[in-house]
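A.B. asks: What follows is the residue order along each chain.
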Amino acid sequence: MALLKRILPWVILAGSVIMISAGIIDHGFRDVMGKAIIICLECVGIG
Amino acid sequence: MMKGLREHFKEYRRRYIQLMTAVLYNCNLGGFLSGRIGNWNSKGLCVPGLNCYSCPGAAFACPLGSLQNSLQNSAFRFPFYVIGTLLLFGILLGRLVCGFLCPFGLIQELLHKLGRLLHLPDIKKNRLTRGLSYLKYGILIFFVVAVPVVRFVPGFCKYICPAGTLEAGIPLVLADEHLQAQIGLLFSWKVFVLALCILGCMFCYRSFCRFICPLGAIYSFFNSTAFFGIKVKNDKCTGCGVCVRTCKMDIKKAGDRECIHCGECIKTCPVGAIGYPCPGKSSAFKN
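Protein sequences, first through last, are from chains A and B.
Letter 33 of the first sequence, counting from 1, is numbered 33 in my numbering, and no numbers are missing.
Adding 47 to a residue's 1-based position in the second sequence gives its number in my numbering.
FYI, nobody ran anything at the bench for these hints, they're computed from the structure.
Computed from a predicted structure; not experimentally measured.
Cβ coordinates follow ideal geometry from the N, Cα and C atoms, glycine included.
Don't take every hint at face value.
[Claimed, not checked] Capping the alpha-carbon separation at 20 Å, the derived lysine to aspartate or glutamate pairs in EDC-like fashion look like this:
1) B/Lys171 - B/Glu54
2) B/Lys300 - B/Glu311
3) B/Lys283 - B/Glu311
4) A/Lys5 - B/Asp282
5) A/Lys5 - B/Asp303
6) B/Lys314 - B/Asp282
[To be verified] Every beta carbon over 12 Å from chain A, so not counted as near; a handful from chain B, in silico:
7) Tyr63
8) Leu165
9) Leu175
10) Leu179
11) Ile186
12) Ile188
13) Val192
14) Cys287
Please take these sequences and the hints and turn them into a complete structure.
C.D. replies: Take a look at the structure:
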């Protein structure tokens, strides 16, 4: 259990880096963000 | 004089970090003048704290808004990038983000100070506030996850987020006459929620952070295992509870899921069992 607690943060850290890399390779980080401008005008209560 | 300055920065370093963070996140000064949302490449990067993407001055993206936006499109693509970013911030910092790197956390603290200056009643933490701290997990599940996936709208951003109203909705409406003509019931609701939040923070320390913020809820899962932040030396801790009584958050012990790592408890611990671990030296604290 103690060993699990020690390695778990490193596993999560490695996993996060892998996921970020996969996301950028898969669709580029601008793809989803680019849509946010139109959506966010709605989501701040305008329109 | 230098010693005095050093002491001053040590005393107020968290406040200075919060201020610098707020300025860094919203460094697009031209956006405030033009009233337009920036569309730089840097908007593809998420900051750790709650800072609306649509703020005219925002140079980066909000992790919560990005998560909801990504979940809306999750039927077509798994949001690897946004979820990976949240995992990274969470495991590195946990709720240290709330205490140091969130502009809306700074605003809440300043509002609470304003409430004290106005001699308003200060609602201290109690069993009710501890119970209310679980509300943010419900808001996370429903508005941040379920509503975007099922209804294809960013539920928290659209219906609740007071940071979005304060940083984006109001400045954009003030700067653009065309937008002023478009505001309706939803905008009025958002302003009402913002007003409630402002009042709440004046009476109750960080009420949004403690009871509502889904981003704090996400980071709380990592709080006890995050690399950085407050740690308690169990061999030195006597269980006196001074840290819990001093803390304004709803903690059961320093460093638990409600701890924002502000460091107020470090000064009050009678045996010096609490601190920020020195990098590379797990046995030493840097206070």
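A.B. asks: Now look at each hint and say whether the structure bears it out.
C.D. replies: Verification of the supplied hints:
The straight-line distance between the Cα atoms of B/Lys171 and B/Glu54 is roughly 29 Å, outside the 20 Å bound, and the hint therefore fails. Distance restraint check for B/Lys300 and B/Glu311: the Cα-Cα separation of roughly 13 Å lies within the 20 Å cut-off, and the hinted pair is therefore satisfied. Between B/Lys283 and B/Glu311 the alpha-carbon distance is near 18 Å, which keeps this suggested pair within the 20 Å criterion. A hinted pair counts as satisfied when its Cα atoms are at most 20 Å apart, and A/Lys5 with B/Asp282 qualifies at roughly 18 Å.
Restraint check for A/Lys5 and B/Asp303: the C-alpha separation of about 15 Å stays at or below 20 Å, so the hint holds. As the CA atoms of B/Lys314 and B/Asp282 are separated by approximately 18 Å, the hinted pair is consistent with the 20 Å bound. For B/Tyr63, the shortest C-beta to C-beta distance to chain A comes to about 28 Å, beyond the 12 Å cut-off, and the non-interface label holds. Consistency note on B/Leu165: stated as away from chain A, and its beta-carbon is indeed over 12 Å from all of that chain's, at 28 Å minimum.
With a closest Cβ-Cβ approach of about 30 Å to chain A, B/Leu175 is found to remain outside the 12 Å limit, as its non-interface label requires. At the 12 Å boundary, the C-beta of B/Leu179 stays outside the reach of chain A, the nearest C-beta of that chain being 25 Å off. Remark: the non-interface label on B/Ile186 is consistent with the geometry, its nearest Cβ contact in chain A lying 15 Å away (cut-off 12 Å). Residue-level check passed: B/Ile188 sits 19 Å from the nearest beta carbon of chain A, beyond 12 Å.
Its beta-carbon lying about 16 Å from the closest one in chain A, B/Val192 satisfies the requirement of being farther than 12 Å from that chain. With a minimum CB-CB distance of about 25 Å to chain A, B/Cys287 clears the 12 Å threshold, and the non-interface call stands.
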